[in-house]
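Participant: Take a look at the letters that make up each chain.
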Amino acid sequence: MIADVVKTMPATMSGDLSAQETSLLAEVAALGRTISCAKAELAALRVDDITDNHIPFATDELDAIVEHTAKATNAILTSCETLDAVAASLSDEPAAKLRVATAQIYEACSFQDITGQRITKVIATLKTIELKVAQIVATFGNGEDVMEVVQADGPAEVVLLNGPQRPAVAMDQSDIDRLLASFE
Amino acid sequence: MPFDRSMNVLIVDDYKTMLRIIRNLLKQIEFNNVEEASDGTEALAKLRGGSFGLIISDWNMVPMTGLQLLQEVRADARLKATPFIMITAESKAENVVAAKQAGVSNYIVKPFNAETLRDKIEKVLGHD
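Chains L and Y, in that order, give the protein sequences.
Counting in this note's numbering, the first sequence runs from 101 upward without gaps.
Counting in this note's numbering, the second sequence runs from 2 upward without gaps.
So here's chain Y without its partners, still in its complex pose (with noise of 0.2 Å):
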């Protein structure tokens, strides 16, 4: 199924590097729509006040975490439905185990490369 790059995204880390990096990285697979938050608190706000087709997303944020947002998209009758990956350096299965009980739609394991982060996003969205 295609899907439409010009759809907004969402990134979330606490890292600001890091959100440079993967906002990059996303620009040169041209999705160019991309808004930031720097922990779980502030992207849940973002959701909420707009319309986004794919949400990214650390794990170990502070005060909300990459898991807590993601039970909270999940428990959101707006936002259920939004594909939702997490990027992360917490690579024990109790981690994935979680994360996918709690509905995460994919899991990369930090660091990863540009090949990966294409892969994934073509998995959860389909291939266009």
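Chain L extracted, bound-state conformation (with noise of 0.2 Å):
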């Protein structure tokens, strides 16, 4: 847009510039350049391979993983179940000791959520970012249908859906009950 309006000055323009008109306009003609040029380079680098290709292709591959986990995580609940209804037949002490065992399992399954919610954090993260570069390609291309970026903030109730944290900074079961035993 400023390389049109550059163009399009000396036109608009009538008598002899002064100095400082000269100046200017050379200044608006050299950032002129440099935008043409900056255009030049991002059309070079093909920024909009991230959107076409990139970023669909790690969004599915996420997505393929989590169907994945979820069939192989139902598999294995499948098994536990085979097992607890085998415990019900079985005296108390193997029974009790199996049941501990698939107790376990059902713990360890719960991974399928938890990775399942991180996935889709980065998803999201994957995104946000498609949208900023589609902004960035459309901003410096032909200027044609910038697309809004969703912004992070929103009501309190979503700013609440933080997802899980990672294991370092976050409370841990122990950390919740005395935050809950301190309204009491």
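It is possible that some hints are incorrect.
Said to hold, decoys possible - Using 20 Å as the maximum straight-line C-alpha spacing, the simulated EDC-like pairs for lysine to aspartate or glutamate come out as follows:
| id | chain 1 | residue 1 | chain 2 | residue 2 |
| --- | --- | --- | --- | --- |
| 1 | Y | Lys124 | L | Glu161 |
| 2 | Y | Lys101 | L | Glu161 |
| 3 | Y | Lys101 | L | Glu181 |
| 4 | L | Lys171 | L | Glu161 |
| 5 | Y | Lys17 | L | Glu181 |
Hints listed in this document are in silico derivations from the structure and should not be mistaken for laboratory results.
Predicted model, so just to flag it, every value in this text is computed and none were measured.
Two chains, two frames, some hints: make the complex.
Facilitator: Following this line, the structure appears as structure tokens:
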């Protein structure tokens, strides 16, 4: 757009230009050349590949991970349920041992929920990057269809959807118990 | 105070795997009357159409979250006294405080173990 302005400026000016006006025009022309170079470099980088190929590929792969882990987890749970049914036919001690073992497997299987939520967060981040890249391409390209970037801010309820925290910074059950106890 | 393990328990989570895990863990501690819902809206419909002695819900669900479900339950004259345990990966203090202010009975952070689940249920319902 600035390049267009620079091209049309001389035609709209009449009479001799002052030194200050000539200097200003030169600066605007230089700015126009810089922007043209930046656009050419951006085009050479094929930034639209990021939105057209790389990010869709990454999100599809992540979706596949969620699907495969869900299938595997369900197969494990089916086997555990069979073991629980077998436990019901055993005497007290072996039945109790078997139930402890299956309970531990059930606990471990909750990884699928946690990893699913973490992957969902990664996919959301990738989609934000995709939108921002599309916005940059639109701004430095033809200026068409500048996509609206979704802002992180929202209603309080949405802000509270933080998802799983990294273990190093997350509160554990005992921290939460202490916090709850502080209300009593 | 003793509690009746034959009571209806409603478990709410948008991950079918999680519902299956919680159902099986509840079965191991002899809660066999378990119903499932995949989000707050479905849960509220089941609660209003039935009789439940305990609600165990995830937080992060759409269209109605676990926190919104808790708020709806506490605002409903017939449901408001129902014990409500939140089981969630949301472990920030602001989440715990918001849940407590909304009237949560107890709060379990994922990943959790069977012992924690049993302990919190006993705390909420009273030892049997």
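Participant: Please go over all the hints and tell whether each is borne out by the structure.
Facilitator: Here's how the hints hold up against the structure:
1. Y/Lys124 <-> L/Glu161: violated (43 Å)
2. Y/Lys101 <-> L/Glu161: violated (38 Å)
3. Y/Lys101 <-> L/Glu181: Roughly 34 Å between the alpha carbons, so the hint for Y/Lys101 and L/Glu181 is violated.
4. L/Lys171 <-> L/Glu161: Cα-Cα ~15 Å, so holds.
5. Y/Lys17 <-> L/Glu181: Holds: Y/Lys17 and L/Glu181 sit about 15 Å apart, inside 20 Å.
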